[in-house]
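Trainee: Sequence:
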Amino acid sequence: MADVEFKEVLVDLADASARAEILLLSPSILVPCLTYEGSKIWDTLAIGEFLNELRPEKYLLPKDIKQRAHCRSISGEIHSGFNALRSAMPMNLKGHFPKFKLWSKAQQDTDRICAIWKECLNMYGGPFLFGDLTLADAMYAPVVTRFKTYDVKLDRVCENYRDQILDWAPLRDWTMEALQEEEAIEELEVEF
Numbered sequence: 005m006a007d008v009e010f011k012e013v014l015v016d017l018a019d020a021s022a023r024a025e026i027l028l029l030s031p032s033i034l035v036p037c038l039t040y041e042g043s044k045i046w047d048t049l050a051i052g053e054f055l056n057e058l059r060p061e062k063y064l065l066p067k068d069i070k071q072r073a074h075c076r077s078i079s080g081e082i083h084s085g086f087n088a089l090r091s092a093m094p095m096n097l098k099g100h101f102p103k104f105k106l107w108s109k110a111q112q113d114t115d116r117i118c119a120i121w122k123e124c125l126n127m128y129g130g131p132f133l134f135g136d137l138t139l140a141d142a143m144y145a146p147v148v149t150r151f152k153t154y155d156v157k158l159d160r161v162c163e164n165y166r167d168q169i170l171d172w173a174p175l176r177d178w179t180m181e182a183l184q185e186e187e188a189i190e191e192l193e194v195e196f
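So the sequence shown is numbered by my numbering: it starts at 5 and just counts up by one.
No lab work stands behind these hints: they were computed from the structure.
A few of these clues could be false.
Said to hold, decoys possible - Straight-line Cα separation of at most 25 Å, DSS-like style, residue types lysine-lysine; simulated pairs:
no. : residue 1 : residue 2
1   : 67        : 122
2   : 105       : 157
3   : 103       : 152
4   : 67        : 109
5   : 103       : 157
Using the sequences and the hints, build the whole thing.
Mentor: Shown next as structure tokens:
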């Protein structure tokens, strides 16, 4: 998206000794963390803003000031919100739960996400939230994978957007790499 070369470091989060390793990589113990020329950036929004400044010609944020503000708003909303959805549907690229039933708060989060998607696709013409691919699409990619894992029923517009993101080459490549990882997080290996 920003055409920035990077090296991914895998850390076994289930390993108690990994905390020391993570501290060396990320002072907040949060992932992801980007190290660029000795500087550490560990918040997804901060990383996105940094990449936008590093590669302004890639327009990770829309050119128009009002669209940029809208993009930041919905990116912030997914970044800090939708906790019921996150609790109900943990990230699990290897799982598939076709009979999963959303509880009401998670359904409310799902409905809000779909409303955001439909509003943006309608306002900016698609195929991505702001027409062209932006930071907002990257921010919503993890929830797109959750919708696939938990077989969340979506209307046609949201289903098409979900499929567009799932077909985005960097996400497709990242997913394939993740599926090849041998370590599993046991808490996520449950049947619903």
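Trainee: Next step is simple, just say for each hint if it's right about the structure.
Mentor: Verification of the hints:
Only pairs whose Cα atoms come within 25 Å are accepted, and residue 67 paired with residue 122 is accepted, the gap being roughly 21 Å. For the suggested pair residue 105 and residue 157, the alpha carbons sit about 10 Å apart, so the restraint of at most 25 Å is met. Taking the CA atoms of residue 103 and residue 152, the gap is near 12 Å; set against the 25 Å cutoff, the hint holds. With a C-alpha separation of about 35 Å, the suggested pairing of residue 67 with residue 109 is violated against the 25 Å cut-off.
Restraint check for residue 103 and residue 157: satisfied, since their Cα atoms lie roughly 11 Å apart, inside the 25 Å limit.
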